[in-house]
Structure formats: C-alpha cells, structure tokens
Amino acid sequence: MKLPFEHIQAAHCENGVTTSLLHTIGIDRITEPLAFGIGSGLFFTYIPLLKVNNGPAFAFRTMPGLIFKRTCTALSVPVHREKFRSKEKARQVLDACLDLGLVVGCQVGVFYLPYFPKEYRFHFNAHNIIVYGREADRYLISDPVMEMTTSLSSYELERVRFARGVLAPRGQLYYPKIGSPVTDEQIARGIKKGVIRNIRDMLHIPGPIAGVSGIRYTGKKIKRWRDKLGPKKAGLYLAQLVRMQEEIGTGGGGFRYIYAAFLQQAQAFHPDQALSRISDTFTRSGDLWRDAAVQAAGIYKGRIGSQEDFNRMGDYLLEIAELEKQAFQALAKINWRP
Amino acid sequence: MKKEDIPQDTGAFGKITKEVCYATDAEGHYTTDLSKGWDVKNSANDAAWQDIEERVKTAKARVLKNEASPLLYFMELKLMDIKVLAGYTGFWPWQVRRHMRPEVFKNLSDRRLRRYAEVFEVRVEDLKNMIPQ
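Residue numbers (this note's numbering), protein chains in the order written: chain H, 1 to 338; chain D, 1 to 133.
Next up, chain H with everything else stripped away, as it sits in the complex (with noise of 0.2 angstroms):
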C-alpha cells in the first residue's frame, strides 16, 4: 500500500519532516525557511562537560523536536506523538496508521540506516524519516536530505527506531492530525513569536555557554585549545566545529542561510523594511562561519597550526558573536504587523 505522498527534499531533516507532513494534511504554504524560523530553530551552544563521539558537543540548532512542535502549535495544528517500550507495539502502531491513510514521521539512529553512506553512520538519534507505505516486507520511506524516496524492511526500519545510547528514539512516532485551514494571520503571529522566542535563546539565556554568548566563550576557549590540548586534539576538535556546522542538514554557514531565508519570506507577511535588511546580516554570519571553517580545515589538515592560527581562528567566531548579537537586537525593534 502507498499512500499519496510528494517526497520534498530539504537542507535538515526535522525541518523536512515538518514541511512535509503538513503538506499531507493540506497545509502547502509553510515552506522550509518558514517552518524553521516559526519554530524559532537558529542556536548555538558549546557544552564543554559533554562529550560527543569523543568531541565536544556543539549545536548550531534548537532542540530536536521542537522545530516540529513550534510550528505545529503556531499553526494550531494539533500533533500525535507516541514512544514505546515494545517493539511489536511500535510496529503495530505505525502498521495501524498506515491502514488508516496516515503518513508519519519517525525518529531513528542513523548508525544502521542502510541508505547512508558508511562515513556518515554515527551514533546520531535525533534523525528524522517519513513513511508513507507498506509493500509485503518493506517500508516505504522518504528520508527529507535524500534527493529520491527509498524503502526499509521491516527489520532495518525496527532497528533504526530502537536506536540506544544518547537521545535514544525509543520507537518515537509522530503525526500532524488535521485542524481548521492555516490563515495568513495565524503565519504571520507564528512568524512574530518564533522571532521573538529566538532572541530569547540567542541573547537572554543566562550563562556563558548558550546562544551569542556561547560563540563568544567558544571563541575564546579555541585561543586555549593549542596549548591546553595540543595540535592534534584541537585540530580533531575544530574538526567536530565544523561537522556540526556543515554537515547534511544545515544548509550551510550553521543553519545562518536558512534563518536569513526565512527573513526574506518572512517579509511578505511583516511589511518592515528592516526585514531584509537583518537577513542581510545573517547571510554575513553564514559567510563567516563558513570563512571559519576554512580557516579551521586549514589547522586540522596540518596545513597551519601557529598560536597565530588559532587566534585569528577564534577571532573568526568573536566578530560572528558581535554580528549576530546586533541582528538579534535589530530584530528586537522590528515593528510586527498586529
């Protein structure tokens, strides 16, 4: 059984999933951009106690899962969202929505997904994959960073979901169940709230290690890196900076092109000029970001590696902090359309 179904291909795979399954149930006009900016997804943050693949933990993004729910409940969409202990009830659940016509978004591990290529299989369970089918043992399946749908037996499609270790999916499904029609108004106040919660993660989050604050701390810590952990490690550590920052799923520049992407749309419903002119700003941020990593490739292949390397490296996410800091704060003064 197949049920009617577009696969949409997109930069990151919630943001994906999120445009997609609203698709399904009538709701066309949320693109991409759209949907990661109302679910205010742009962060940053360095957790140095924490330690990712035997890396630092970076994020450049929110939370998994709450892109989708933001966006959801900005749209007054109401969402089904269930975990399991069992894997036969995991399996006969999602069998059951797809008998009743329900195309559903799960959350998997990507280290035995059979689909990627082997370089890219880490432990990593925040991914996000759409089924929409069942043909006798295989699952049909729309994974949002693939350019073409694919297909999963029943075994691998199990396996992925009951990925173990950190933010195991435990089986996790997900659905948007249809609400009333989606008004202009009701994007535009998502628009207004997901900008708004977002100069809350990147400018007011006490602390140092979250949001502006945290590029500047992470600036300032990679001046530290060569003399407190070596040439090699910190080189495998901005290595990991840079992963999180490119890899599949950013769209590129740490998420910084999609955020302005969405400004840019953003103004069709906000008619303040500022609007463009922030996105501007954020698209300066993705160059440097990506200028950094350059920079930073430069280091871990060995090619440079001086005190002087590492000051101008950190130097790089200073100006970034700054930059995004008078973003934000331009974006505090944007006269919303009531």
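Where hints are given, some of them may not hold.
Derived lysine to aspartate or glutamate pairs resembling EDC-like cross-links, with alpha carbons at most 20 angstroms apart [unchecked claim]:
1) D:LYS2 with H:GLU119
2) D:LYS18 with H:ASP95
3) D:LYS3 with H:ASP280
4) H:LYS325 with H:ASP309
5) D:LYS3 with H:GLU119
6) H:LYS89 with H:ASP28
7) D:LYS36 with H:ASP280
8) D:LYS60 with D:GLU121
9) H:LYS118 with D:ASP33
10) D:LYS15 with H:ASP99
Everything labelled a hint here was simulated from the structure, so no lab data went into it.
Given the structure of chain H, go ahead and fit chain D onto it with the hints provided.
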C-alpha cells in the same frame, strides 16, 4: 553565499545523493540548489575517521597486552562508547565497564558473551579472538 559559489567537491555523501544548500541569486533573493559536497567538510570527516582508526589500533594493542578485554576493541570498532554499548546489550554501564577487564571477561558466561556478540555482529569465538566480521 552566492548561488554560483556553492561548492561541488564530491564527498562520501555526494556519491549517494546531493544535498540542499541555501544561497542567494543575482538579485539577492534566497533560493536552493544542490551540492555534491565541500572539501572543507570532507576533510573534517576524514579527520574524524583517522581518529577512529587510531582509537581502534590503540584498543587492539591494549587487548594484546592484556590491559583490556576484546570488548574494548569491538566497542571502538563500532564507534560506540560505554553508554551506547550498555544500551544495545541491556547491561548496566558499570557492568560493561567491569567486563572490559580481561580477568572478568575470561569468566563471562556464554549467555552474556552472546549478547555482546550479537550487538557486534560476530560469533562468540571471533569475539574472544578479536576477529572482526
């Protein structure tokens, strides 16, 4: 980033699918295009894999010196840490840590060894002798 500046340096992912990038067109409007990859991140990925290979090598040497049980080797080979391995095997993290000691590993029951072997996708014999799949 301008649309024409989207890099097309084929990496591991680019061989299987292209990925969406956001960039601006001539008028400064945002649009998307597909990218095969970017040297900078391909090499970041390479650096991570070199590190994994070294960790596996170090683990192997430690097992041969009888400083750790073969579980350490397989754990590194499968990119796991204690917490992930505990999750997949159903043991507690403190148990897994204990089983990493050669003298404890030696006395593990076949039933427990099978739990590890299943997760590492090897036979119990190969688990003991550190022979990967």
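Structure-based check of all given hints:
1. D:LYS2 with H:GLU119: violated, 28 angstroms
2. D:LYS18 with H:ASP95: Given pair D:LYS18, H:ASP95 is violated - Cα atoms ~31 angstroms apart, limit 20 angstroms.
3. D:LYS3 with H:ASP280: holds, 15 angstroms
4. H:LYS325 with H:ASP309: violated, 25 angstroms
5. D:LYS3 with H:GLU119: violated, 27 angstroms
6. H:LYS89 with H:ASP28: violated, 32 angstroms
7. D:LYS36 with H:ASP280: Distance of about 25 angstroms is beyond 20 angstroms: violated.
8. D:LYS60 with D:GLU121: Between D:LYS60 and D:GLU121 the Cα gap is close to 18 angstroms, so the pair holds against 20 angstroms.
9. H:LYS118 with D:ASP33: Distance ~25 angstroms between H:LYS118 and D:ASP33 Cα, so the pair is violated.
10. D:LYS15 with H:ASP99: Violated - the C-alpha atoms of H:ASP99 and D:LYS15 are around 35 angstroms apart, more than 20 angstroms.
Comparing the model with each earlier hint shows violations of hints 1, 2, 4, 5, 6, 7, 9 and 10; every other hint is respected.
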